[in-house]
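*Asks:* Sequence lines, in order, name chains A and B.
The first sequence: position 75 = 126 (the working numbering), numbered continuously.
The second sequence: position 268 = 319 (the working numbering), numbered continuously.
Keep in mind the hints are simulated off the structure, nothing from the lab.
Fair warning: this is a prediction, and the values are worked out from it, not measured in the lab.
Hints may be right or wrong, so weigh each one.
Which copy is meant is left open, because identical chains are indistinguishable; a pair holds if it fits in one copy or across any two.
Claimed, not checked - DMTMM-like mimics (lysine to aspartate or glutamate), calculated; alpha carbons at most 25 Å apart, straight line:
no., residue 1, residue 2
1, K174, E306
2, K235, D375
3, K174, D375
4, K235, E68
There are 2 protein chains.
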Amino acid sequence: MTFKQHQDASGFTLPFEAITAAHDRIRERIIETPLLESAALNALVGARVLVKAESLQKTGSFKFRGACNRALQLAPHERSGGIVAWSSGNHALAISAVCAELGVPATILMPLDAPRAKVDGAKSYGAEVRLYDRQTEDREALGREIADRTNAVIVPPYDDPEIMAGQGTVGLELLAQAREAGLKPDAVLASASGGGLIAGVATAVRTTLPDAQVFAVEPEGFDDHARSLAAGARVRNEPGAQSICDSLHVPTPGELTFSVNHRLLTGGLTVSDTEVRRAMRVAFETLKLVAEPGGAAPLAALLAGKLDVSGKTVVTVLSGGNVDADMFQSAFS
Amino acid sequence: MTFKQHQDASGFTLPFEAITAAHDRIRERIIETPLLESAALNALVGARVLVKAESLQKTGSFKFRGACNRALQLAPHERSGGIVAWSSGNHALAISAVCAELGVPATILMPLDAPRAKVDGAKSYGAEVRLYDRQTEDREALGREIADRTNAVIVPPYDDPEIMAGQGTVGLELLAQAREAGLKPDAVLASASGGGLIAGVATAVRTTLPDAQVFAVEPEGFDDHARSLAAGARVRNEPGAQSICDSLHVPTPGELTFSVNHRLLTGGLTVSDTEVRRAMRVAFETLKLVAEPGGAAPLAALLAGKLDVSGKTVVTVLSGGNVDADMFQSAFS
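Isolated chain A, as found in the complex (with noise of 0.2 Å):
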């Protein structure tokens, strides 16, 4: 696949074919998560609510497909370099992880403060983990550096095409899935961090169903793709915000994702970190899920009643499940 019809990032959009063609090359690689349904969410909703349960998927988040996609297309002379990328979370866990599978050399930047968890996640793939102090190292210098010096490629957790087409593939699963029970969605949501995930899976779902709704969530504080789409630009988030959604912290949307973004999603829902603690724990006690905070910011707008979804079908991403046992267990007390 080639994406270089534009030379402008603004005018970027995502073939379907992309995303197609990613599902073909990942498909034997990843899980084919579930989409679940329950009767006493449903109630809680007042809709019917299928949840695409991404994170079972392999590292606990669908971070796992945009990774898998890009590794899979390096070149044969790019292998022995391997992959360098910079991450504090999901995107580390797995870089690090499809790079094991496939015998690459894996390099990944994470800040000193990154959760211990994460860090040792990361290693136990066999990934070469170089910390960095957030105050006074440039984490994107440091990864060309290294990029240069060890003849690795880097690859970044969303602005890159084939990323956003990987990440596609949770839509185009989710369509099938539903068109397999029967249901037609009205509506899908999922959160938005740099907006990869929701590019790929508003490409895969508007080509497919162009009458469907697609949103994006982010927590308070986050809010930069709902007031980017709201004013037709990119726009930052003022510094020094707070979240439990450790996932969703990115300061402003991607080039390209926005590029997408700004034509196909019907706009940005905010949740409040008390709203994801109950989505989490909804999510405990409905599906069986353990759901980390920035993946249970869709589930968190339904319940909150953000968005009139009365009578609808309406499909959410779980994006993600890497969250330690205190975190989770605030979602309880």
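Starting from the known structure of chain A, arrange chain B on it as the hints suggest.
*Replies:* Here is chain B on its own, set in the frame of chain A:
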């Protein structure tokens, strides 16, 4: 399907075709639960561990399969009378939900001290719940009296060929999923209460892979299958035993189930509450699954090294996720 060949329970075998027929009957109504694998879990056990996540089934346990298979075979004249069942847990939820789907009345006998969440769960599906006193009332006599009066069919939790056949579809699915992943299980583990799940699974597995080993897993104090298999005849548990595995508190194996199990099972394994709590924690951390204690017992046996599976491929059925928040959190303390 007719099961009339054997007048004597001890001669009963479950035909493989009863399981494939059950699968054809129920497949549109059940969730094909995923077969999950985690690199971290594999490292902990030292084997390839495939986890059949039946906690994600409708109503949170495998019981929905058997209930569905039985209820779909009600004769037209039986539908108005509906179903009577007794259970303090997962069978109650499954019968209630299936009857709600099929528009058939359900009456569930539950003990006065049943968990509130399970009583409320059964009621939420529209079942009529009749509470009884464990000390002074005989639930089977009560159930028969209600069935006679209302013209209802009694559906037992395990000692019924169609219930066993329904539970056996767990085995059919896991075999197909393993085959699709290019894997051949050396051993399969599932928990045993009355023995319906393990009887169905063993029939599916040993018919397809005669050399595979199949083990029943039970909590300490409720190891009636392990001891009955060793003795070659059904024995009872000593009264007064305690275990956090509330779904596995049955005094002795079923008659029909034991007739199947004593021919097909390799043996029984026993786990402590501490080992079960560790398995619940590991399922949370590595698989992002909510496991109830009884559902985590087979994983507990693997993690505690109760079986030498070094370098082998082993499937463990995680059979339910109906656990309240307090009990779940006890796995982390």
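*Asks:* Next step is simple, just say for each hint if it's right about the structure.
*Replies:* The hints, checked one at a time:
no., hint, in the structure
1, K174 with E306, "neither (31 Å within a copy, 51 Å between copies)"
2, K235 with D375, "neither (35 Å within a copy, 33 Å between copies)"
3, K174 with D375, "within (17 Å within a copy, 34 Å between copies)"
4, K235 with E68, "within (21 Å within a copy, 35 Å between copies)"
The structure is inconsistent with the numbered hints 1, 2, although it conforms to all the rest.
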